[in-house]
Structures are given as structure tokens and as C-alpha cells.
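Engineer: Sequences and hints are given; from them, build the entire structure.
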Amino acid sequence: MLELGLIFRALLRNKVGALLIGLQIALTLTIMTNAIFMMQERNAQMDRPSGLDEANLFFVNNTIFATDYNQQVALEEDLTLLRNTEGVVDAIQINAIPMSGGGWSMGLQTESGVGKDSVGVAVYMVDDHAINTLGLELIAGENFSINDIQWRESSQTTWPAKTIITQAMAESLFADDWHSAVGKTAYISQEQPMQIIGIVKTLQAPWNGWDGVERSMLVPFKMETMGSRYMIKTEPGRRDELMPIIEKALADSNKGRIIRRVTTMDDIRERSYRGHNAVNKILSTVIVVLTLITGFGIVGLAMFSINRRTKQIGTRRALGASKGQIMSYFMIENIMISSFGIVLGIAGAIGLNIWLVNTLSMSPINIEIIVFGVIVLYFVGQLAVLYPARKAANIPPATATRTA
Amino acid sequence: MLTMKNVSKVFKTDNIQTHALRDFSLTVNEGDFVSVTGPSGSGKTTFLNIAGLLETFSSGDFLLDDISIQQLNDRQRSKIRNEKIGFIFQSFNLIPDLNLFDNVDVPLRYRGFNAKERKQRIEHNLDMVGLASRMKHLPSQLSGGQQQRVAIARALATDPRFLLADEPTGNLDTQMAQSVMSLLEDINKQGTTIVMVTHDNDLANRASRKIQIKDGRVSELDVVVANSQAIA
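Chains H and L, in that order, are what the protein sequence lines are.
Residues in the first sequence are numbered consecutively from 1, following my numbering.
Residues in the second sequence are numbered consecutively from 405, following my numbering.
Hints listed in this document are in silico derivations from the structure and should not be mistaken for laboratory results.
Using N, Cα and C, we set each Cβ at its ideal position, and we do this for glycine too.
Don't take every hint at face value.
Here are a few chain L residues that sit away from chain H, every Cβ distance over 10 Å (derived from the structure) [said to hold, decoys possible]: (1) N410; (2) S412; (3) I420; (4) T431; (5) E434; (6) P443; (7) S444; (8) L476; (9) D506; (10) H541; (11) N605; (12) S612; (13) D619.
Dumping the calculated DSS-like pairs for lysine-lysine here, alpha-carbon to alpha-carbon at most 25 Å [said to hold, decoys possible]: (14) L:K483 / L:K520; (15) L:K483 / H:K323; (16) L:K483 / H:K391; (17) H:K391 / H:K311; (18) H:K391 / L:K416.
Structural biologist: The structure is reproduced here in C-alpha cells:
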């Protein structure tokens, strides 16, 4: 028969050690659950699709130093070279790289005029090959035609008449019915009209920490600039093979510029989320260390308790307790201590999460994480007490008569 | 009831073998009150531990209620200790964190009695030793004699057929020792078989049988009651 009442009453008379371990369990649960939650949020951010065919994309930076460089001619020559290279699916000039951390942003609004509400949007200046090159999914409307593409000088402040936006941008501009965005006019720079001719499903902005990361627009520009980038899409599996070939071909084709930073989108993603990964590793380490410390604390308390109660355990054995019943005693005692800590820990976890929600604008913690933490700590507690409990069970009943 | 025949117990360390009991033979019949005396290190406690199934023995035969003890595993030995044997220890061995009620409750829980049955037995036995009014007290709040009475109540709570007492008055003053001894005599008169290890010859002489152990063997056998016999 279980000794629940006896164990509980005995615990109440020796509460300091149990209290400290209970508080340690509570602290561990509080930190563990919130750390897991923070890791999950980071993982969710890292798992967001960029909208790009990342595995087959790379880009190069084209930095011009020649003074007699004809940018328009050179750009057309470069794009022709790239698009005609065997193994290349398509290529574009682009002003910014998704997830890279640097890019352009503007505000779009549905009504013209100063002071009207606008929605921030990442701007990608591209030509009619962008959807194919980037691997975007056009879910409404149409692509740019070649006639839509304009040349943009570096100091130019006017914008083309057409744009393609992401679904998230459409939802922000036309919350009631984003599907109806195609054909409507949005205003950039407060009063320059742009007709929305298409909607792509996803295209992330360059800034992964921005809460509007899904809001992007494609603008039909070719840029006259001394520094630009080419995004190149290769046939599946040929990216790495083509990177040095294309770098050399571009460098050889025109000596008035430098081709550098030949970089894959996989690299950009890795660099973009390097901080997230580092924080996740730190949080994982904190969780493991805290859990281990708690486990060792439980072992220590149980060993101390057993050493202090050696004769008592021998007496219990003499009175008829089996080894299993002695083991059960310590396992149940641990469940009681863990339960105390876990109840406090649940309150602590929710309290800390409320604070994080209020101060860092995080979302509320999932109940599943708390349940997971509770299960882990009960398991760790039982695992930690297993060895001491076995040791206690092996105390011979003759200890009752042989010790002072 | 209890028959030991040529029981030996050898404690082994790396280089030394100590014979705590050598060809020890003894029969204790139902209703006996046997006192066991002997000098320190003679094997009294080893005998008591083997008789109480607290220790195993190296060789020989030991029957308790016609059950051969040698064949039993730890679980079976625990069950027999709980059901057939009551222990009274020199230093009482009460659990300091539990009150008197809970202390007496410990062996009853191992027996698996329900709450009502346990309560009834606890109250009955604490009443029998005159401590029913103090059942919520902790052992530390009692005198030595009272603590030993609680230990007796605990030993009797499971209705054992066999009571083993290891120096039950060793930590008590003369007056308390007499009181505890009287209690044991009353218990014996009610039919419980008692084996008591003691250094005190006066108390030993109050038993119905007295045996002396020396160097692990029964050295003297004093048959007081007609139906008791021993194989030396």
C-alpha cells in the first residue's frame, strides 16, 4: 500500500531541503519553458519561406570603376551573356537581396496625398525576368511585359506606372479583399500612382527581423548604377559548378568592372539567421545545464536524505517493507517535491511569459510547451532519484539492529 | 514454531572470516518467552537477526512455522517479517518525523490493511500500551520508556506470532525497564511467543526459558517450562 500520507507528513517535518529543490525545479521549469518558446519562435522565423528558389540561386556584385563605362549597354550585354550560358535558367539585375539585411523600402498607400496612411514595403527593382529567375509564384494578375521596363538613373525620384506586390502587401493595403488588388492603384512617394498588375505569393524583404518581412513589391526598373547585383538561377544541381564559370565570364567580358561576392542564397540565409542560431544554441545550453543542475540537486538531496535515514530505512525493511516499497518511497517523495516545484514553475513560466509579452511584444506561450516541460522535469526527477532509491532499497534490514 | 539446526553464520572480509554463529541449534515453541544472554560479541544479535529474517545464514536449517527460510527470496522474507514477526529494538527505532499514530501505521501499510482496519489496530495497540491519548505526539516528545511502549505497540499491531526483542530495556532506567518487562510478560501471557536478547540477568530470569550464547553456540540451556526443548 502506498505511504502517501506518511511520506507527505515526513516531508513537512524536513522541508528545507525539499523546499530548495522544489524552488530549483520551479526556476528550471520557468526558464526552460520560456527558453523553448523563444527557440520555437526563432525556428518558426527561420522556417519562413523566402519565396525564392534558394537552392538554385546565386548572385554576384558588379562594381564599375571605368570612367567610360556605358552602363545600359554593359547591362544588356551582361544579361545576354548570363541568360545564354549553358545551365543558367534565367538572370536579372536586382537592387537588393532578400534576407541580406540591406535594401530599399518605401511606403504605399491606397489614397493619394500627404498625411494618408501608408504601408511600408521592400522595393525590388527588376525586369520582366524576375518571377522566373527568383522562382516566385504569381497567384493573380500578370507579369511585367518588356515594354513596362524603364531605365532608372541613380538620382531619379519618379516611379514606373506598374508594380507587382506580394500577397502580404495586398492584404495590408486591401484588408477587406486582397484578391481585388489587381488592377487597383496604389500611391508611392505619397502621390505617384502605380497600378498593381500582379500578386506573388511570397517574397521576403531583406530584413528578417522586420514585422512586415512578407511585404515586398517588384518595380520594373533597370538601374544605371556603378554598383549592381545580378541574381542568377541555374538548372537544379548546377549552381556550384556554374558560380566560378559565370564569375570568370563576367570578369573576362568587361575589364572596366570588378565581379565580387559570388554568393549563394543558402549562404545569405545562413548569415541572415546566424544570430538566431547562436541564441538558440545558448538557450539550449542553458536548458541542458539547468536541467542537469536540477537533476544533480535531486540526487544530492536524495543521497543526503538516505544517509541520514539509513537506520530508519533498515527499520522499515525490518517491519516488512520490500525493496520495491523502499524504492517507491523515494520515488513518490520525489514526485511530491517535483509537484510542488512544478506548480510554482507553471506559475513562474506564465508570469515570465506575460512579462515577455508585455515588454518584448512576444506572443503568449503555448500550453504544449509547459506540458512538455512538466513531463521532462518529472522524468528527470524520477531518473535522478533512481540511483539513490536503489541504494536505499539495498540497505539491509539488519541495519535496524546493527547501527547505533 | 522456530527451529534452527546447525545454523552457521560467517562474516567474510578480504582476509578474515568471522564465525558469528557455529552449528547453532535451538527450538522455540509457541508461547515461549525465551531470554538470550551472553557476553558482547557472542552472537546474540546475529542469532536475533537470523531468527527475524533480517540476515541470511551461511549453512544449516532454519524453519519458521514449518517454512524453510533458506529457500525464500527477499520479497518473501519481507512478507514473513511483516506478517509473523514483531521487532522491538534497543534504541526503539521509531521514525522521528512521524507521530505515534503514523509510526504504528508503518507496518500496517506494508501489510495492505485498509484505512479503517489500520486505525482500529493503531488505536487498540496504543491504548494497550497506555499512550492512546498521545497518538499525535512525535517520538521526541516522549520519554524513553514511552517510546519503547510505542515500539511495542508497533510490533504488535500486525498481530505477529513471534516477537523479537533486542535489548528492549537497554536504554531505559530501572523503573522503566521493569514497566516494559511487565508489558512483555503480559503480551506473552496472551499467547505471543517472545525471544528477548538482554544483558540483564534479572530480566533474563523472568523469562520462561533462558539460554546463554558463547562464541556463537548455545552454551547453557535452562529449560524452565516443561513443553520447551532445545537441541544444543
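Engineer: Confirm or reject each hint.
Structural biologist: Going down the list of hints, with the structure as the test:
With a minimum CB-CB distance of about 21 Å to chain H, N410 of chain L clears the 10 Å threshold, and the non-interface call stands. With a minimum CB-CB distance of about 16 Å to chain H, S412 of chain L clears the 10 Å threshold, and the non-interface call stands. With a minimum CB-CB distance of about 18 Å to chain H, I420 of chain L clears the 10 Å threshold, and the non-interface call stands. Residue-level check passed: T431 of chain L sits 22 Å from the nearest beta carbon of chain H, beyond 10 Å.
For E434 of chain L, the condition that its CB be more than 10 Å from all CB atoms of chain H holds, with the nearest at approximately 21 Å. The claim that P443 of chain L lies off the interface holds: its Cβ sits roughly 17 Å from the closest Cβ of chain H, which is beyond the 10 Å cut-off. The beta carbon of S444 of chain L sits about 13 Å from the closest Cβ of chain H, which is more than 10 Å, so the claim that it is off the interface holds. At roughly 12 Å from the closest C-beta of chain H, the C-beta of L476 of chain L stays outside 10 Å, upholding its exclusion from the interface.
Listed as a non-interface residue, D506 of chain L fails to keep its Cβ farther than 10 Å from every Cβ of chain H; the least gap is roughly 5 Å. H541 of chain L, annotated as away from the interface, keeps every beta carbon of chain H farther than 10 Å; the closest lies near 13 Å. Every CB of chain H lies more than 10 Å from the CB of N605 of chain L, the least distance being 21 Å, so the non-interface label holds. S612 of chain L, annotated as away from the interface, keeps every beta carbon of chain H farther than 10 Å; the closest lies near 23 Å.
Distance check on D619 of chain L: its Cβ is at least 19 Å (rounded) from any Cβ of chain H, clearing the 10 Å threshold; non-interface status holds. This hinted pair checks out: K483 of chain L and K520 of chain L have alpha carbons roughly 21 Å apart, not beyond 25 Å. Simply put, K483 of chain L and K323 of chain H have alpha-carbon atoms about 11 Å apart, close enough for the 25 Å limit, and the pair holds. Of the supplied pair hints, the one linking K483 of chain L and K391 of chain H holds, its CA atoms being roughly 21 Å apart against a limit of 25 Å.
A distance of roughly 13 Å separates the Cα atoms of K391 of chain H and K311 of chain H; the hinted pair therefore holds under the 25 Å criterion. Distance restraint check for K391 of chain H and K416 of chain L: the Cα-Cα separation of roughly 21 Å lies within the 25 Å cut-off, and the hinted pair is therefore satisfied.
Violated hint for the displayed structure: number 9, the only one.
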